Amino acid sequence: MLAFLCTISLNLSNNSFTEDCWNFHGNCRDSCHKNEKVYVFCLSGKLCCVKPKYQPHGLPKKIES
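Residues in the sequence shown are numbered from 1 upward in steps of one, following UniProt numbering.
Don't read these hints as lab results, they were simulated from the structure. Here the structure is a predicted model, which is why all the values come from computation and not from measurement. Yeah, the Cβ is synthetic: ideal placement off N, Cα and C, and Gly gets one too. Check the hints yourself; a few may be wrong.
[Unchecked claim] Keeping only pairs whose Cα atoms sit at most 27 angstroms apart, straight-line, the calculated DSSO-like set for lysine-lysine is:
1. LYS62 <-> LYS37
2. LYS53 <-> LYS34
3. LYS61 <-> LYS37
4. LYS62 <-> LYS46
5. LYS46 <-> LYS34
6. LYS53 <-> LYS37
7. LYS51 <-> LYS62
8. LYS51 <-> LYS34
9. LYS51 <-> LYS61
[To be verified] Distance ranges between label pairs, derived from CB positions:
10. PRO52 <-> ASP30: 18 to 24 angstroms
11. ILE63 <-> PHE41: 26 to 32 angstroms
12. LEU2 <-> VAL40: 43 to 49 angstroms
13. MET1 <-> SER44: 36 to 42 angstroms
14. LYS62 <-> ASN35: 28 to 34 angstroms
15. PHE24 <-> GLU64: 53 to 59 angstroms
Generate coordinates for the entire structure from the input sequences, incorporating the hints supplied.
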């Protein structure tokens with residue numbers, strides 16, 4: 001029983017939760033990997049790091065009236 005409780009407490013203490021951003025395609029980190037770019041900031045104040053395949057391509061088109 002003691003071994004079971006120790007295992008549970010170790011699993012709970014190792015929190016590997018990462019905050020998601022950019023429609024769940026980015027991760028909030030203190031610094032981005034070299035191929036990732038920052039587009040917005042997360043609610044926690046960290047950088048929203050987006051991988052290349054989810055990065056926007058070019059600027060939006062201008063709508064003329």
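These are the hints, each one checked on the structure:
1. LYS62 <-> LYS37: holds (24 angstroms)
2. LYS53 <-> LYS34: holds (14 angstroms)
3. LYS61 <-> LYS37: The given pair, whose Cα atoms are some 22 angstroms apart, holds under the 27 angstroms limit.
4. LYS62 <-> LYS46: With Cα atoms ~31 angstroms apart, LYS62 and LYS46 exceed 27 angstroms; violated.
5. LYS46 <-> LYS34: Holds, at about 16 angstroms.
6. LYS53 <-> LYS37: holds (11 angstroms)
7. LYS51 <-> LYS62: holds (26 angstroms)
8. LYS51 <-> LYS34: Holds. LYS51 to LYS34 sits at ~10 angstroms (cutoff 27 angstroms).
9. LYS51 <-> LYS61: holds (23 angstroms)
10. PRO52 <-> ASP30: 18 to 24 angstroms: holds (20 angstroms)
11. ILE63 <-> PHE41: 26 to 32 angstroms: holds (27 angstroms)
12. LEU2 <-> VAL40: 43 to 49 angstroms: Between LEU2 and VAL40, where Cβ atoms are some 46 angstroms apart, the hint holds.
13. MET1 <-> SER44: 36 to 42 angstroms: The hinted range 36 to 42 angstroms holds for MET1 and SER44, with Cβ atoms some 37 angstroms apart.
14. LYS62 <-> ASN35: 28 to 34 angstroms: Check passed, 30 angstroms falls within 28 to 34 angstroms.
15. PHE24 <-> GLU64: 53 to 59 angstroms: violated (34 angstroms)
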